[in-house]
Amino acid sequence: MACFLIPAAEAVVTTIATKALSSHEKKAENAEKNEGEMPAKMPFSAKLKWLDGMLWGGSALLAFEHIWHGEIIPVFPFLTNAADPASAAEMLREMGTAGVGMAALVTSVWGVMVGVSRVIEKRSEKTEADVK
Amino acid sequence: MTLLITVFAAIASTIVWYACPKRAEMRLGTLVLMFWGASLMWLVDAVFEYAELGAEYFSPAAADMQNDAFLGLCAVALGLVIWLGILLFTDPKGVIKNTLAGRKK
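Listed in order, the protein sequences are those of chains A and B.
Going left to right, the first sequence walks through residues 63 to 194 as the working numbering numbers them.
Going left to right, the second sequence walks through residues 10 to 114 as the working numbering numbers them.
Just so you know, the hints here were simulated from the structure itself, not pulled from any lab data.
Certain hints may be false.
Said to hold, decoys possible - Chain A side only, calculated, beta carbon under 10 Å to chain B, not exhaustive:
#: 1; residue: 119
#: 2; residue: 156
#: 3; residue: 160
Bear in mind the structure is a predicted one, so any value in this text is a computation, not a measurement.
For each residue, glycine too, the CB sits at the ideal point set by N, CA and C.
Take these sequences, add in the hints, and give me the full structure.
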């Protein structure tokens with residue numbers, strides 16, 4: 063019905079967070095370069111971009127599915143189920159269950175990806191240290 | 010069927026991302042994340058549908074399956090079009106820029 067709106071809303075928040083974090087990290091990186099240190103790890107903002115990509119991409123394709131099923135229309139109120147109160151309540155219930163579930167699953171998978179990337183980074187740091 | 014087709018698209022794009030040395034230049038990561046994001050969201054949709062329908066979920070009517078397959082293929086095509094749009098807009102190789110400037114590389 064409109065479940066994709068929850069991940070889309072999360073995507074807006076994470077994109078803003080990515081932009082803010084990215085500019086903060088660039089400043090810190092420039093300061094480190096001036097001191098002669100080179101950043102070894104992938105910045106967190108780059109990892110946050112993975113979440114942005116999954117949320118925006120998934121929401122876009124799900125929005126297409128809703129257009130396909132005639133649940134999104136080009137005229138106000140844009141969602142066919144928002145027209146009458148009974149359907150609107152059902153739509154909100156679905157957003158609270160399936161929508162929140164989608165956002166939670168995508169965020170969890172991203173969390174696992176970040177965890178695995180940390181393990182790989184640590185392993186490569188250890189290998190480099192052993193070589194030296 | 011929509012979920013299955015999107016998962017296959019996600020797997021295929023991930024293999025291409027892994028094997029292609031120009032993955033960053035070609036923005037393959039965007040395509041991979043888009044298909045995996047959609048697959049995860051449709052997986053949640055499928056779980057809720059299964060909870061509602063039970064075993065009936067696995068034996069859909071032929072017409073529904075055909076419609077879902079068609080939707081899945083269209084969703085994959087849309088994903089590819091979005092990726093292509095991003096690739097051409099960012100123009101990492103400067104092809105569009107050179108073409109517009111009337112130069113040959």
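Here is what the structure says about each hint:
Checking residue 119 (chain A) against chain B: minimum C-beta separation of about 3 Å stays under 10 Å; hint holds. A least Cβ separation of about 8 Å between residue 156 (chain A) and chain B falls short of the 10 Å threshold, and the interface hint therefore holds. Given hint, residue 160 (chain A) at the interface with chain B, holds; its Cβ is 5 Å from that chain's nearest Cβ, closer than 10 Å.
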